[in-house]
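Line by line, the protein sequences give chains A and B. Following UniProt numbering, the numbering of the first sequence begins with 1 at its first residue and continues without gaps. Following UniProt numbering, the numbering of the second sequence begins with 1 at its first residue and continues without gaps.
Hints were generated in silico from the structure; no laboratory data involved. Certain hints may be false.
[As the list claims (entries may be wrong)] Taking lysine-lysine pairs in the DSSO-like style, the calculated list, with each CA pair at most 30 Å apart, reads:
(1) B/K456 - B/K359
(2) A/K456 - B/K33
(3) B/K460 - B/K359
(4) B/K33 - A/K460
(5) B/K359 - A/K33
(6) A/K359 - A/K460
(7) B/K456 - A/K33
(8) A/K359 - A/K456
Protein chains: 2
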Amino acid sequence: MNMSDARGARERLVVIGGDAAGMSAASQARRLKGPDELEIVAFERGHFTSFSACGIPYWVGGDVPDRELLIARTAEEHRARDIDLRMRTEVTELDVDRGRVRARDLDSGAESWTSYDKLVIATGARPIRPELPGMDAPGVHGVQTLDDGQALLDTLSRTRGRRAVVVGAGYIGVEMAEAMINRGYEVTVVNRGSEPMATLDPDMGLLVHRAMEGMGITMVNDAEVTRLLTGDDGRVRAVATRDAEYPADVVILGIGVRPETALARAAGLPLGEHGGLLTDRSMRVRGSGNIWAGGDCVEVLDLVSGQLRHIPLGTHANKHGQIIGANAGGGYATFPGVVGTAVSKVCDLEIARTGLREKDAHRVGLRFESVTIESTSRAGYYPNASPMTVKMLAELRTGRLLGVQIVGREGAGKRVDIAAVALTAGMTVDRMTALDLGYAPPFSPVWDPILVAARKAAAKIRASM
Amino acid sequence: MNMSDARGARERLVVIGGDAAGMSAASQARRLKGPDELEIVAFERGHFTSFSACGIPYWVGGDVPDRELLIARTAEEHRARDIDLRMRTEVTELDVDRGRVRARDLDSGAESWTSYDKLVIATGARPIRPELPGMDAPGVHGVQTLDDGQALLDTLSRTRGRRAVVVGAGYIGVEMAEAMINRGYEVTVVNRGSEPMATLDPDMGLLVHRAMEGMGITMVNDAEVTRLLTGDDGRVRAVATRDAEYPADVVILGIGVRPETALARAAGLPLGEHGGLLTDRSMRVRGSGNIWAGGDCVEVLDLVSGQLRHIPLGTHANKHGQIIGANAGGGYATFPGVVGTAVSKVCDLEIARTGLREKDAHRVGLRFESVTIESTSRAGYYPNASPMTVKMLAELRTGRLLGVQIVGREGAGKRVDIAAVALTAGMTVDRMTALDLGYAPPFSPVWDPILVAARKAAAKIRASM
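Generate the whole structure from the sequences, applying the supplied hints.
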């Protein structure tokens, strides 16, 4: 039976994907329209909904004691708000012409079509898993879902050895390095790039590299994993690169993700060069009238470079969901784009970035000056004032801020927000030198480190004229 | 002898006041012009130069172990950079017509005139000391200068009792309350206003009030001090208000300051309604050709209200000094104005504000909506996520951000910078809802508290249309 047969005049909103973007959209649409006006059906293929993937490293590392804490809203809570959430149900086909999706109950295997008046695609991203020998051996773990996290924790509780190899040195990689250090493991990070944190310029990545070594983490750069070696029991026992082998009792993959857009691609929806869905400012899929998409499966406009990027981050997914829900619920909201802000930490080292790196600026044809300064998070004489390094890029001629990168200790990371807002406003570094930022000795030197960088950048821009 | 007689063709820059604004100006001018081109003479009536007045509470409280740490640059260091700094020398007259100042050596009593080609007035502010009986009794202390701080510490080391009364509940008052708590005193704060921190709206001040009580501080509001009572030994023994007496072994005055502009007033220079010097955007005194002024003795443009204010803060003084030094040194720089950002703390309570309070908005005829939200400094499930309250004001119709106030614990205060930059850019709260702020569980909930407030404010503005 086509389920739409049973419907009355009310519209049906179908949501594919029950995580941040999808369920935020469903919740926001529900706030605007009651169940008499709008039926909402959401499909989630996993066991969990609305969970914080970003929290998994802290759960694995022991900072967050309980998996349930990472679930922002359970399936039951969604259902109590009149959202027909179907867990363990995978959408296997999207029929745009007839306005319907086919879904399979993963437990029973039963399939059925559900028609929609409005559709939200929030299929997220899937982790990159290189096709290498040994990738499927026991002891090799991704950390994208709660199921992944649980499987890793189960492995750790069964494993005697204390050597962990983390493959990848981006956010997930360095956060998982911290998690394993916190669990008392010897940690080796194998990184394809020249320095960890490729979202930073290499000179700033070097600071992360050194700090990680200071924490006792073995950092292997410029190293491509060629295979995972297994023991007689079939379990992983080492990670091999072209040059060396790194013994491992557990291997964690933190290589990154790609948009999960197979359904959308098969349905002929427009995808960008990063493989993500293309939307307009209202998060509606380009060329479609009644399909919205958001979260890790879409590309977003970078307001600084003017180009599209794929940035899988929970904070964007939540915003997208809100905006989609407002529009699907008959309201109006738009997503202007991002400036590329991200913050992370490895133990007590804080790492943040926003805007363009040097190579981003080169790629889009922007000429710039770059400065790097050292300052402290608090007044130098105040207890626990910790050193921080700020790198700032500003456009030649115009002096427009292009990007900021920060590496430091407590109090360093969130200062990137100052630059994020300045980037959004298109501010020049000269104007930034007079920003009225909060000052008191426990919070900042009398010149906030961002202002110190702006002054140096502004002077360099002036000198270049 | 008129000292200018001895000069050759080089210009002379005279600076009145050897603290943040004055010595920043001198240093910046020196960077731009060497001693062959520009002679720089600076007069300071006190014993110290370039010290952090904002650091005094932390020195008194014991967080900063040594007075010398509060001195950013000593007189010797300034002199080594060819600045003729004359300590303990007070300028007693300013003769604008003839371009000269009369200065008295406070130790020898000798007076002489010094002519200038360019003049910087950086005379700072003086603490408000109400004319009340007992104000000059031993045991009553201001905390504006290093000499004040030393005198207070000397008193504390000689005093047996452990009861401190702080008069005033602004930044200095609450910071001194913390200092005395840290020294093991029983602390009572006597406050004329209805709640502490009059730079906040009273509803936010109430949160500070309750938190201070939770720290064991006795908070007495709506209380005007009528006299200080002294004992048989002449020392202060209690603070009296109309209704009660508060026993005190030491009394600390934190009532605020007024611009120190007696010299300028006598010289006929233009003063504003707050008693501060009036300058143009280059920090040049209005109507003068060769006189600049900055720091605590000037009024500054509030970019949000469009009105002049007196905001004595080291961070502004340093910026003014830089700008004056650039202009006096033959360069070009301007000060666009402030948005009224301030951050402070009492023990682990962080307090911040920027922009307009409700009464500020009323006073300048702006109509607004106000929202207050509760959130946390980190993801709710992350260790040490601490509650914070954000109040946000936005203009009716336009939705323009008008102000933000924050009261919370660790990680709350510096978030005010996000709002400070948004105010500077004239951003609407609707635009702010999509700001790309740094997110990771150790740093922020997935919706930063500032975004939560912006969303609620934007919804309220929409609903009011």
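For this session: Tell me, in ascending order, the numbers of any earlier hints that this structure violates.
Result: 5
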